[in-house]
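*Asks:* The lines below spell out each chain.
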Amino acid sequence: MQRDELSFLPLTEATFLILVSLASPKHGYAIMQDVSAWSGSRAKLGPGTLYGALTKLLEQGLICRLEGDDGDDRRKAYGLTALGRRVVERECERLEAIAQHGRERLNGKGGQE
Amino acid sequence: MNGNSETLTRLRWFWAWDAPKEERWLEEMAREGWHLASGGILFRFRKGAPCECRYRLDYRTERRGELDEYIDLCRQSGWEMVSRFGAWHYFRNFNPDAPELHSDPSSLADRYRRLLTLLLVLLGMNVMLFLTRPAHSVRLGSFYQAVEVFRFGIVALLAFGVIRIGLYIRDLQRESTRRE
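These protein sequences, in sequence, are chains A and B.
Letter 61 of the first sequence, counting from 1, is numbered 61 in the working numbering, and no numbers are missing.
In the working numbering, each residue's number is its place in the second sequence (first place is 1) plus 1000.
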């Protein structure tokens, strides 16, 4: 049984960044570098936390392991599943809606009774 | 051991929830030039240059292939696995700028939840054994009474461990939400 994609929202920032990074398949360490490069020192991701997140996302079916050509387990990369991709899309929509709402209020639009 | 590699052996007991204390001790030893060779209860150190480094303990229960993948990932980010003692893995990092092994304490809390589950199963089994003991065993002489006391001691110890690890998990979880 597959969970509804909306039930995964909101994502934590770390989870969001990991999923977004996997829009193109990567190995564990490449994910770490990618996330750090984007977020700077603010969201430094350690291997224990990353591996815990990857295990959880695999169980939830949001990501999958991709078969390596050499058949070595350690060289398997991770990639987004179709469900994972839909979850990221919904989260982007949610964040955009929130950002838009915030900007409108700051510019004095809407909100008056 | 031969003369040109000086070693030191120390016997020390740390509870699972005292991991931070154990890590500080290993870091202190490294500052004095004693670098962990193997840990557990009997710690072996090798003499080298004094240095600043971080030690972290990690309770890992993955199957072989996944564990190798994890250890690889740690090594790539500067966390070298120095020693293992059962499921306890000792990681060391010389780079002060490298991220924490568990940058979010909640992933460390998840590891301790695994340990808690194991202890709860053991506790349940031992409580069952203790409760289903033959009622007349009390009259069976001092040897059986000693066994009874020993079994009760195990139950008490496991219960103590469950409580302490439960509290440690709560603290880690609080630290994680505080940082958000």
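If you are wondering where the hints come from, they were derived from the structure by calculation, not from laboratory data.
We treat Cβ as the ideally placed atom computed from N, Cα and C, and that holds for glycine.
The reader is advised that the hints may include incorrect statements.
[Claimed, not checked] Here are some, though not all, of the chain B residues that point toward chain A, as calculated from beta-carbon distances under 8 Å:
| # | residue |
| --- | --- |
| 1 | Trp1015 |
| 2 | Trp1017 |
| 3 | Asp1018 |
| 4 | Leu1067 |
| 5 | Gln1076 |
| 6 | Leu1101 |
| 7 | Ser1107 |
| 8 | Thr1132 |
[To be verified] Residues on chain A that point at chain B, a partial pick, calculated with CB under 10 Å:
| # | residue |
| --- | --- |
| 9 | Gly28 |
| 10 | Gly46 |
| 11 | Gly61 |
*Asks:* Hey, does the Gly46 of chain A contact hint survive, CB to chain B under 10 Å?
*Replies:* holds, 4 Å
*Asks:* Hint validation: Thr1132 of chain B versus chain A, beta carbon distance must be below 8 Å. Holds or violated?
*Replies:* violated, 36 Å
*Asks:* Tell me if Gly28 of chain A is really an interface residue toward chain B, meaning its C-beta lies closer than 10 Å to one of theirs.
*Replies:* holds, 4 Å
*Asks:* Using the nearest Cβ pair, does Leu1067 of chain B come within less than 8 Å of chain A?
*Replies:* It is violated, given that the least Cβ distance between Leu1067 of chain B and chain A is near 10 Å, above 8 Å.
*Asks:* Can you verify the interface hint for Gly61 of chain A: is its Cβ closer than 10 Å to any Cβ in chain B?
*Replies:* violated, 18 Å
*Asks:* Would the hint on Ser1107 of chain B be counted as holding, given a Cβ-Cβ threshold of 8 Å to chain A?
*Replies:* Interface hint status for Ser1107 of chain B: holds (4 Å vs cutoff 8 Å).
*Asks:* Per the CB criterion, is Leu1101 of chain B less than 8 Å away from chain A?
*Replies:* Cβ of Leu1101 of chain B sits 4 Å from chain A, so the hint holds.
*Asks:* Holds or violated: the hint that Trp1015 of chain B contacts chain A, with Cβ atoms closer than 8 Å.
*Replies:* With Cβ-Cβ at 20 Å, over 8 Å, it is violated.
*Asks:* Verify the interface restraint on Trp1017 of chain B: the C-beta must sit less than 8 Å from at least one C-beta of chain A.
*Replies:* It is violated, given that the least Cβ distance between Trp1017 of chain B and chain A is near 17 Å, above 8 Å.
*Asks:* How about Gln1076 of chain B: closest beta carbon in chain A under 8 Å, or not?
*Replies:* Hint holds; Gln1076 of chain B Cβ to chain A Cβ min 4 Å, cut 8 Å.
*Asks:* Identify whether the interface hint at Asp1018 of chain B stands, where standing means a beta carbon of chain A within less than 8 Å of its own.
*Replies:* With a closest approach of 19 Å, the Asp1018 of chain B hint is violated.
In summary, the numbered hints that this structure violates are 1, 2, 3, 4, 8, 11.
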